[in-house]
Amino acid sequence: MENNSSVVLQSEKVGVLHLYINMIRKFYKSILALAVVVSISLGNATAQDSTSAASAAPAAGAGGDVAKGEGLFKNNCAQCHAVTAEVVVGPGLAGIEERRDYAWLKKWINNPMGVIGSGDKYANELYAKYNKTQMTAFGAFGDDEVKAILAYVKSAAAPKVEGPVDPNKVTQPAETGGGKFINVILISLLVIMALVLVALLGILQLLNRLSGGESLESSASFGEKLKASFKNIAANKTVRSAIVWAFILLATKATFDGMYGIGVHQGYAPKQPIAFSHKLHAGEMKINCAYCHTGVYKGKQSGIPSANICMNCHNAIKRESPEIQKIYSAIESNKPIEWVRVHNLPDLAYFNHAQHTNVGGLECKNCHGEIEKMEVVQQRSSLTMGWCIDCHRKSEVNGKDNGYYTKLMEAHSLVSKGAMKVQDNGGLECAKCHY
Amino acid sequence: MENTNKKYWKGVEELKNDIGFVKNANREFNLDDIETVEPTHRRDFLKVLGFSMAAVSLAACDAPVRKAIPYLNKPESVEPGIPNWYASTYAEGGDYCSILVKTREGRPVKIEGNKLSSVTKGAVSARVHASVLSLYDNEKLKAPKKGSSDIKWEDLDKEVIAALSKGGNIRIVSNTILSPTTKKVVADFIAKYPSAKHVTYDANSSYAIVQANETSFGQAIIPSYDFSKASVIVGINADFLGTWIAPNTFAGQWAETRKVSSAKGGKRTMSRHFQFETGLTITGASADYRGMIKPSQEGTLVLALYNKVAAALGGKVVGGAAIEVQNLDKCAKDLIAAKGSALVVSGSNDLAVQTIVNALNSLLGSYGSTIDLGTPINYRQGNDAEMTAFINEVKAGQINTAIFLSNPVYDHARGTELGDALSKVATSISFADRADETASKCKYIAPAPHYLESWNDAEPRKGFFSLTQPTISLIFNTRQAQSSLLTWAGLNADYQAYLKSNWTKNILSGKSWVQALHDGVYEPGAGTAASSANFGGNIDVAAGEIAKTKGSGIEVSIYESVAIGTGLQANNPWLQEMPDPISKVTWENVIAVSQKTATEQGIAQGDWAKVTVAGKSIELPVLIQPGQANGTISIALGYGRTAAGKSGNTGENVYPWISNGKYWASDAKIEKTKDGYTLPQTQTHSTVMGRTAVVQESVLGEYVNNVKAGRFEPKIETSEGEKSPYQITLWNGHEKKNHSWGMVIDLNSCTGCGSCLVSCQAENNVAVVGKAEVARAREMHWIRIDRYYSSEMTHDEALAEKGIIGGFQALEVAAENPEVVFQPMMCQHCSNAPCETVCPVLATTHSSEGLNQMTYNRCIGTRYCANNCPYKVRRFNWFKYFENDNFDFNMNNDLGRMVLNPDVTVRSRGVIEKCSMCVQRIQAGKLTAKKERRRPVDGEIQTACSQSCPTNAITFGDMLDPESQISKVLEVEKEGRAFNVLEEINVKPQMSYLVKIRNKDGVVKAAKAEKKEEHHS
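Chains X and W, in that order, are what the protein sequence lines are.
Heads up: the first sequence begins at 1 in UniProt numbering, then just goes up one per residue.
Heads up: the second sequence begins at 1 in UniProt numbering, then just goes up one per residue.
No lab work stands behind these hints, which were simulated from the structure alone.
There's no promise every hint is true.
Unchecked claim - Label pairs and their calculated CB-CB ranges: (1) X:Gly369 - W:Asn84: 28 to 34 angstroms; (2) X:Thr84 - W:Val78: 35 to 41 angstroms; (3) W:Val78 - X:Gly369: 27 to 33 angstroms; (4) W:Glu105 - X:Thr84: 38 to 44 angstroms; (5) X:Asn75 - W:Glu713: 57 to 63 angstroms.
Just so it is clear, the structure is predicted and the values come from calculations on it, not from any experiment.
We treat Cβ as the ideally placed atom computed from N, Cα and C, and that holds for glycine.
The shape of chain X in the complex, shown without the other chains (with noise of 0.2 angstroms):
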């Protein structure tokens, strides 16, 4: 229970520092506006242009639906395949319609080894090609499926076309990026003032000296001087008793800080039995996130990968590694690899990775940040309430093609003229998190 009342402190921290960061917000968003209407005006024709171009895209994919198959891809295909020619475990599948039919390719998907097994002499040349390194067999998969990942394939291979901006993905890295120059612009706006004011300083002195009549060279050292006005400033009692507060203030602000730090991890990176690697899987073999932690969709869990996971490839690479015979031992033994858990929630707040990934749309890396670059992963967030809520304030619902939303969208924009926030959705109500 101690952990939670600092938790419910935290967040009202949070709540007097957003007054502030949003004075300053606002500014900055006066500042992107305008960059935005230059943007804008620029940008207009190419836009156009390219709306066409991405709503012919879907025609192209021969009967896919591509955006169907790009999912189907990242979850099934892409730990293994390129969309272009490079190879990854197995080829790399530009042209591969052209490289095989339809029928074999289905027939491929569904039942490798079937294939392999019936004799068939590109199939076992392949097989051999690949150091006889099986591919997973998709026997769920339909016409549909198969054909929606082709046309992905397809539209994946050919060169890029500028997209139009999709606006839930684009707005935060804007956010972002049109944050970081104003900063550039901030702090050499400063850099100027100060310099202003020495520069004013400056002619204000010779400006006193001048008017008083002395002589430019003074009685008295500098040194003394000094002395004697830190002495004055010393013998003032407001000036005194000024720094005692100043001094009483700090030291409770920086209590309270340290108070609200605790049972906060944020940085917590422990290092764990295996040294695996998510900048090589994540980052480097671009390995979907749902590969391996497989709930992350469908459930509360993200799910730690099991061995049997890690096998999938590992049968076949790097078995010799030291770290990966860890996971051989692990399985011979019978024993599960304990790993030490990151992020840790307490038992009262009830998170759910499906609300947010599978419903809400967001990625990965929206809590977790830059995963593909962490050779050691650390808890980026700060996992509070406050932050929690923050985002449920600041969060628009992901209404869009979900028949859950589609009323509820309508009566907001009845009454209210901006995008439906997750509190607006009751997004903010204890229940929600705690039961």
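Following the hints, complete the assembly by docking chain W onto the known chain X.
Here is chain W on its own, set in the frame of chain X:
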């Protein structure tokens, strides 16, 4: 209550204004033992404060090292965090239920009903709900035993086979076995050892019914009953809604005939239900007319009823003693009128009584309509004669090997004799899961796993099959009894394979095994027409036997209680703490006695008394039970176990009082031994603070003409005239845009069975607090079932007729056979919630979906909310109930904690908790819908209580969805039976209740008195 001007009371204490009751009535919390604690001194307080601050900061500085341990090889079907459901079957001691088991990460956590079964239709009783906790009982045996030492399975098998090969008489003793495949295993075993014989008995025997059907119709069976087809139902000491044979099935059928609708042209007919009984049961409580008889009068009553009906319908009239029982003539009259759709059932285990019942049903044309001899039910197959013979054989030293699948030393009348003689049996083996009363006297214990770890099947009714499949791998080193028997018979011990092959060969007739396993049921017998037969019994002989049955002195009725039953699951703390539906007593059995008899015997509530029957004495607390027949006492079976475990060894055992299959005894001597005892009884806790219009009821005669009959509609005087309380408000209300969750509870169908209570406990991790804490009114149940007594004698009427003193006396007399109303009461999720306004830390707030939310981590335990709650549904955690040796129940050991629902927080000390309307299920249901890009479908989201109700009394749903069941019911009943409890205080609950309607003739005499003074209550 104002509307009918009836007097309602919750217990005798309230009616009599008992000192203890009055003292506690206006207090939220019993603080007796808290006040005696030494006050904390300032310095100690500061020390503790300082220490805890330091501890907190130290503890919080380090990041907690918590492990995340994935599967080594994740099964494809398991996704951590997502439950898997398996269809299975509960079949213990002849009780049956087709169920769905919810498992999380490979462990069963909750049981729900299987709606695919046409036998139980998704009904689940409290005992079945609680059985998931029995799985995680850490007092079970962890390995096979020889005497008190461990033995390896191989060694045990070798020794047992050696003993069996020696020959001699072998007996397999069991309760009713519903499983056809298990019976085949037993047959295979007998084929291998021809000297073996299978003896079946039932702890609560219905052997007389089997015998009577053999003599009457030549079929030694129990026919299937269909209460839904009956327009007049008569129960004679047969608690068919609570415990008699198959209450799961019967309650649902009965409730079908009790539903009425206020819609235009809606159903306004009900079955009429008469109940004649000794103690007050939930069946008697739900009856329209109830009469009280002594157990010795069962026969005389049945015979009198038969003669009255026979005289009118032209049957053979036989002689019988005269009997004066309330409502008997009316019952006969209604039965005659309902010929062809009547049903008479008796719980008697007396052949003569059951023969007359058969004759009566035959005369009424019930066979082929409400009774079906063609598809018999198999719930009770015990043969009392064979069991008696077996015990005699053991005593005579004629048995060489005895194999027990049940616990007869405890649950048979002659158990003690059997236990003492067991040493004469050379090899005795028990399959018990613990060293129970029988097993501890056996040479070997070959522990069998719980049914949730086992393969099995069941045939509850001819042609209706169901399968049991394991939902968890074996917890301990146990082996199914069937596998053991197969091993000892020298066959392949793989029972799963045996079961499958038996089903494919003999049962499925070509249908898919996988489909049957998926559905849990396979019902080739469904849809056959009910068959009848001509009565061929001898009623003269039966009447002669009945004439010989005489009771004398104080008679004792020995009955099965709804929660504990025959004592099979006695070590289940959920069941022990479940209040008895009528007496509301927990954790022990009591001597139930009427006020009049108690006065005569010089005993009172709060006393302990010693009851002696035929030289056997027990000592138990006394309970004054309105509705108990005078000159009788009732004591429940299933208690007084000595080797059940920590929770189960409570109360006293009355099995030894059963003689010759007779579940009653004469000439009981009662002596008061001590007084000043507080019963662990929940009913008079949490009173409604003098507020009156809580339950509302009427009779069918009035309801037919006026759908608002019995409704109390409070009016508030304002300057603009009378207004309904909802029209004048200080509140702004809460806007509900998305959902508005609510419930409608039909008081007409609620039988008070307590299934919802245990279901809620399982779903919401509600703590067990133990007997002492219940006695202090600190039970934690989120839903309670309030039981109100009332009588037709109204307050004003009594005073007018008899004067002040005489009037009150008349009221007390009326209390002898009261009417009973059950009202499930949980958080009403008020839209103008009084609790929310008084919480100083905003720990209880309102959601945009109509829920009153309780945030444990914000709660600081002021208990203001509980004080301000008009319904008294908030519970305070006086202690930390988990990992606390003072509360040594399931939450105090790792195994027991496996039953906890991972989606619900376990509450710690010092916080308030209450019904959340199963918000975790609402959230999960909404998420499923969102993932599928659609709105939730009505019925997809169910609360634990609404899902488990065997009579569908609770309807849960979204009141903003016009297509939902709840919206439709409220649409119809808004101007009919629907009411909010305590409407006059304008808290606008999300829960509505439907007025209880009794199928009585005539019009309630209720003087519609002025109710002005009530408005400010």
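Hint by hint, here is what the structure shows:
| no. | hint | verdict |
| --- | --- | --- |
| 1 | X:Gly369 - W:Asn84: 28 to 34 angstroms | 33 angstroms, holds |
| 2 | X:Thr84 - W:Val78: 35 to 41 angstroms | 36 angstroms, holds |
| 3 | W:Val78 - X:Gly369: 27 to 33 angstroms | 29 angstroms, holds |
| 4 | W:Glu105 - X:Thr84: 38 to 44 angstroms | 40 angstroms, holds |
| 5 | X:Asn75 - W:Glu713: 57 to 63 angstroms | 59 angstroms, holds |
Of the numbered hints given earlier, the model fails none.
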